[in-house]
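Undergrad: Please build the complex by placing chain D on the supplied structure of chain S, with the hints as guidance.
Taken in sequence, the protein lines are chains S and D. The numbering of the first sequence is the working numbering, which starts it at 1 and goes up by one. The numbering of the second sequence is the working numbering, which starts it at 1 and goes up by one.
It should be emphasised that the hints constitute simulated quantities derived from the structure, not laboratory data. Be a bit skeptical, because a hint or two may be false.
Note: identical chains are not told apart, hence a pair may lie in one copy or across any two.
Claimed, not checked - As a list, the in silico SDA-like pairs of lysine to any residue whose alpha-carbon atoms are at most 20 Å apart:
| id | residue 1 | residue 2 |
| --- | --- | --- |
| 1 | Lys649 | Ala584 |
| 2 | Lys319 | Gly184 |
| 3 | Lys210 | Trp297 |
| 4 | Lys599 | Asp490 |
| 5 | Lys210 | Pro302 |
| 6 | Lys84 | Trp297 |
| 7 | Lys210 | Phe303 |
| 8 | Lys380 | Ala47 |
| 9 | Lys624 | Thr550 |
| 10 | Lys624 | Ala471 |
| 11 | Lys222 | Glu113 |
| 12 | Lys114 | Thr550 |
| 13 | Lys222 | Lys623 |
| 14 | Lys731 | Asp341 |
There are 2 protein chains.
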Amino acid sequence: MNRIPTALTAILAFSTTGIADQKAAIRGFFDSSVAAEIAAENEVRGAIDPARIRENMKTLSARPHHVGSEGDRANAEWLLQQFKSFGWDAKIETFEVLFPTPAERLLEMTAPEKYTARLEEPALAVDPTSGQKSEQLPTYNAYSIDGDVTAPLVYVNRGIPADYEELDRLGISVTGKIAIARYGGSWRGIKPKVAAEHGAVGCIIYSDPKDDGYALGDVFPKGALRPEQGVQRGSVADMPLHPGDPGTPGVGSVPGGKRLPLSEVKTLTKIPVLPISYGDAEPLLRHLTGPMAPAAWRGALPFPYRVGPGASTVHLRVKFHWDVKPIRDVVATLRGSEFPDEWIIRGNHHDAWVNGAEDPISGQSAMLEEARALGAMARKGWKPKRTIVYCAWDGEEPGLLGSTEWAETHAEELDRKAVAYVNSDSNDRGYLGVSASHTLERFFEGVAASVEDPETHVSVAARKRLNAIHAAARPDPDDTDPDEFRDTPDQVRARREGRVDALGSGSDYTVFLDHLGIASANIGFDGEVEGGVYHSIYDDFFWYTHFSDTDFAYGRALGQTGATTVMRLAGADLLPFDFGGLSAVVTRYVSEIRREAEKLRARILEQNREVEEGVFAAILDPKKPTVAPKIEPAPPIVGFAPLENAAAKLSDSAERFDRAFDRAVAAGAGGRNLAEANARLLRAERMLLSDAGLPGRPWFKHQIYAPGFYTGYGVKTLPAVREAIEQRKWKLADDEIAAVARVIDREADFVAGIAAELDRPRQ
Amino acid sequence: MNRIPTALTAILAFSTTGIADQKAAIRGFFDSSVAAEIAAENEVRGAIDPARIRENMKTLSARPHHVGSEGDRANAEWLLQQFKSFGWDAKIETFEVLFPTPAERLLEMTAPEKYTARLEEPALAVDPTSGQKSEQLPTYNAYSIDGDVTAPLVYVNRGIPADYEELDRLGISVTGKIAIARYGGSWRGIKPKVAAEHGAVGCIIYSDPKDDGYALGDVFPKGALRPEQGVQRGSVADMPLHPGDPGTPGVGSVPGGKRLPLSEVKTLTKIPVLPISYGDAEPLLRHLTGPMAPAAWRGALPFPYRVGPGASTVHLRVKFHWDVKPIRDVVATLRGSEFPDEWIIRGNHHDAWVNGAEDPISGQSAMLEEARALGAMARKGWKPKRTIVYCAWDGEEPGLLGSTEWAETHAEELDRKAVAYVNSDSNDRGYLGVSASHTLERFFEGVAASVEDPETHVSVAARKRLNAIHAAARPDPDDTDPDEFRDTPDQVRARREGRVDALGSGSDYTVFLDHLGIASANIGFDGEVEGGVYHSIYDDFFWYTHFSDTDFAYGRALGQTGATTVMRLAGADLLPFDFGGLSAVVTRYVSEIRREAEKLRARILEQNREVEEGVFAAILDPKKPTVAPKIEPAPPIVGFAPLENAAAKLSDSAERFDRAFDRAVAAGAGGRNLAEANARLLRAERMLLSDAGLPGRPWFKHQIYAPGFYTGYGVKTLPAVREAIEQRKWKLADDEIAAVARVIDREADFVAGIAAELDRPRQ
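This is chain S alone, in the form it adopts within the complex (with noise of 0.2 Å):
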């Protein structure tokens, strides 16, 4: 219905012959030698095949294939083979990890009247896959701690820390209760940590039909959203403090390798934990009296939500088997000619909670599409200039370990040759999404421009900065930024490239971003599947052929990123990284800081002047009775100026970069010698670290980029000093602040001796 006109289709219109127009996306490359990669790029992503891709996916999510299973060996087994007959040198690589699986569930109401959760997602009879019961998990927490508690309920809506400071004040405390919380708004292992820090014995978490089911479109099999069964299987390890084995911290899981007993680990729950479907929350939250939730609490069950306690005890029993299983992952490389030591490294996991043909196969199965399209490449005689290593790993699910244990125990290795690790994970219609290093910002606009958005046929990055405009336009009520960091159609419009994210956590990026500072990246496709089947027996390949990207386009346009990307890095003469993008958020993100640091001190010094002056005795209800906040300390101002010098510093020395790198690309092959540039801009992520890591969580060494220690997914820039601003540990907040800068400094002079470097008269 909505006609593109004309005139407009042939302005934008994607276009793989024209040269000149790729010629200027592409970063790094002399212009002797442009052609010859676009040439052998047209002939890649012209070979992604849909169908393939499709035959890929029906393989791989055929049976369950959880970590442990017969299925997940299966699957690596094959992926070997095929890895082997496109032509790669793979082998499986296995790690032995700490994975529980349920040996008791148990959810029952004792009061007001009983009702027993019946915990099980029935099989459908439309859904081929579903009724794979004895190769199923059942639904669960892995990393719970065994337990059996009764208590009353208390509705905790999302379970993060905010939300325990609106049960204060409505007077309401979990301490010796069993909290319920529902999915989303942090990742899932924050609920029952910050469950635990307030004294809960026990911790239920629900999938409210408000955020994936009946409020958002028909449910499975009718449409493609959660079922009333349907219940969202998950890690709940402590994984802001280290993903990986909890056995073995910072270390490969190697077999027979030394590990922590059980009673050591540290990444367990402190109460045990049980996911529910609303079909089984229905009974439990109906039931609850004690005051109302606030109203942005309340889910889309037909009945008034209150918060408890009062009504409601559960008894809640679980008890696991406490296993150390064998991980697969499968690693695949195609030796570089020129730069052997100089890797691209590119993953997506295969393992899934259970047929997992979104989570993770939608990825994988393009991936594996590409590694036969390049394979088919290099037989016909085509070379990387560096070594290109595919991976697909196994054990993402509990807690990013195959990637992890493989990272940890190649560390050094990793340190000394990786350029850069490209994620993907499931992949599903859209728009493309990108979160990277923002080293690598401009180039990634140059590869979305290569791209042809399959329902549109413009590139995706016009389809990605034209829905930027779009979006710009009508910024979102609850968009909590301010005015300043919020683009303007305009702002879109003038800007060269369009952003990528800041990488948080939630997939296998993380141990070469956040421990080893391999720049990085995670890639995909999203925006017009709004799905329910996440983590459920439900998210399998009829579920995927008949709600997501149904047809593989746009596994297909993944297929087509992911190999683009690689070949780029792989590639170039000059490998493509840029630091005007990493300077520029980081400007901003001090901005962002010091502002949030000034609105928290002056929320504070508001309250308690309210406080003094009989505002909360004057607003009380005295029929829904509240709880005055108490006269808190009065926040320091906090000085930011040696972050805002080491920012200034790291612009300058992004724009000197700028100019050595063209003057070096323009130069060509006859130019200065790259070589050593190009070994020290491998590095320049590396600087990024700091070897104390952050605060409280040595493992997380990236000083730019970390997921939320209270987010767990959710990423938090500069996150030493933006946490302890947050946490209110004003002096940790002067320390970090130096602490920092003195990274970014450090950053500033490294870049800037690459820009000498490339400047200086070839020897």
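TA: Frame of chain S; chain D shown alone:
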């Protein structure tokens, strides 16, 4: 649980003994007369008795008492006797009005399955008056036309113009369809009006549980909210055109007077309309197909909200008895001793849709208690300087009939004599709400400072002010006011007065303010009661005494507020008007409208640009097709200088008046002769009328305030200008800017003239 610190109790505690404190709050009294005023007020406020208010409610809500019913007649007679027994000169004035009642009501879904709507609110055993079936009006919307239509259903959210713009984007038309709209977001009569403008052949209005049902709390009789079969009755006449008897626009419908034939009545709906419960709406909405409703449209019923058309086809038949019925206004007078031809008018309606304990008897019962207390004072020798007129209106519910017909009948006398009209209606628990002519803003701050809040024992002014500080520090994210028009907490602290809101429509002040230019106010307490019995059989004594102001403490506070207001207006030496508040809001309204015009222009230009650059083509999801907007004519830049100049002049006059007023009051009885100033002050609000009225609706003559043509209840300030811009009538906007500027300019001259009169040496 929220304790007031002892020291604060002392600071904020309300005192009726400190005459010095109260003196400051009382505007327009000489030093020599203020002590007597305070003593009289204290006695009256002390006399207001919650037990009597409760008895009044019990009597007046004992049975259904809608227009034309025996209960309505009996209540009028009883009120008459009460006023007489209190010593007032009281009478009943009768008018004859068009009042349709249902002859036939049928709503059935004919596809995809058969469902016949119940259209019936069940009696509840615990609630004694809910079973008075023989006297209850059936659920219906008054002034719907007769009709019998069968058509597919389309869900139109609130059914306001913006919702149809969203439908356009979805490619959905209501032409030839039946629109189903949910209550809220506008006055209900807007919904069928806008549906008909878009070609719908019928309109159903239902109460979504998200708005006043289980999403907010327990439903009646367990809690206060709307039960499954509860229905909101109500008028759907086109009242933004004119309120009052549809058959006698602009003139009083005295018995035997001339009336328009039904065929010439302009304010009936264009299509048949019926209100239903969410119990009846559920099957209709559940079967809708078509696109998902936009997220903000989705209610709390447990299924996906779709827009239609598709699947649900509906048959609607309504037929009415088009009767002319008598209505009985009870009018009681206490003659002024000094200025008998200056009238202070106080009113509250007495008719209800059914038993109407909250609406309107909570207000009526308190007003009657005021009249008793004032009558008792008069018997003891208290003499108000001005004439006090208490009015218990009939026929408010169908269309402000009693007040409108009375005021139209006595228009000439009111024009000469009316100082102010003070309205109340439903009263609950919480905060004093004052909507008023801004010429009374300072006056009402003094009134509010003299009434004690029964829950917190600070003055209702202090409670309101502290709540405003609290709210200002926590801005509602849904509030679309630009930052510059939001008070900060410190701005609230710095203001001398609390703000009064501008008057829209929805109760009996409308004819006084909008048609006759009499300074008006609407007072009542609310903010702590969420109810869902509005206009249903459950709005009764049982509901009110279980869930609202159960001990009538706020009934007492309303009576105290009303009596204080009336006594001060009636007893002031110099009428306590002020023009600083008026000039401040006029200045603010002009800024707001200028900004709205700029934003509208920017939005249209931006959208045109997006159409040209292919944004809508690029964001098209082929599985959820949308229709791109069309290029719109670029709006001109609107010039506001005439209004800005007039507002500045009014501000100067207001300051001059302020100084003259203070000098005159300070001079006391020995100062200037104030009779002429009082006589002119009484007319200051009249100067804000224009004879021509608003464009297209000449009955509405006030140029500062009017209910919006597409909001019904909600006020549009500087309505002629604001609506011209909203409706993109640029030429009209220019003309109205000039015309309204002339009205404000005339007001400025008039106010300056009063100041000069006050400063003129005594003759």
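Undergrad: How would you classify Lys210 and Phe303 at a CA-CA limit of 20 Å: within, between, both, or neither?
TA: Cα proximity of Lys210 and Phe303: in one copy and across copies (13 Å, 10 Å).
Undergrad: Regarding Lys649 and Ala584, is the shortest C-alpha distance of 20 Å or less found within a copy, between copies, in both, or in neither?
TA: within (11 Å within a copy, 49 Å between copies)
Undergrad: How do Lys222 and Lys623 come out at 20 Å by Cα distance, when the copy is not named: within, between, both, or neither?
TA: So Lys222 and Lys623 pass the 20 Å test across copies only (16 Å; inside, 44 Å).
Undergrad: Checking an output row: Lys599 and Asp490, CA cutoff 20 Å. Within, between, both or neither?
TA: between (28 Å within a copy, 15 Å between copies)
Undergrad: At most 20 Å between CA atoms: does that hold for Lys222 and Glu113 within a copy, between copies, both, or neither?
TA: Classified as between; 19 Å across copies, 33 Å inside a copy.
Undergrad: With identical chains treated as interchangeable, where does the CA-CA distance between Lys84 and Trp297 reach 20 Å or less: within a copy, between copies, both, or neither?
TA: neither (52 Å within a copy, 54 Å between copies)
Undergrad: Since the copies are identical, ignore which copy is meant and state whether Lys210 and Trp297 lie within 20 Å (CA to CA) inside a copy, between copies, both or neither.
TA: both (10 Å within a copy, 13 Å between copies)
Undergrad: Treating 20 Å as the Cα threshold, decide for Lys624 and Thr550: within, between, both or neither.
TA: Between. Shortest inter-copy distance 14 Å satisfies the 20 Å Cα cut-off; intra-copy 51 Å does not.
Undergrad: Classify it for me, Lys114 with Thr550: is the Cα-Cα distance of at most 20 Å met within a copy, between copies, both or neither?
TA: neither (43 Å within a copy, 36 Å between copies)
Undergrad: How would you label the pair Lys731, Asp341 (within, between, both, or neither) given a Cα cut-off of 20 Å?
TA: For Lys731 and Asp341, the Cα distance exceeds 20 Å both inside one copy (43 Å) and across copies (73 Å).
Undergrad: Are the CA atoms of Lys319 and Gly184 at most 20 Å apart within a copy, between copies, both, or neither?
TA: neither (25 Å within a copy, 50 Å between copies)
Undergrad: Given a CA cutoff of 20 Å, do Lys210 and Pro302 count as a within-copy pair, a between-copy pair, both, or neither?
TA: Close inside one copy (11 Å) and across copies (9 Å); limit 20 Å.
When each numbered hint is compared with the structure, violations occur for hints 2, 6, 12 and 14.
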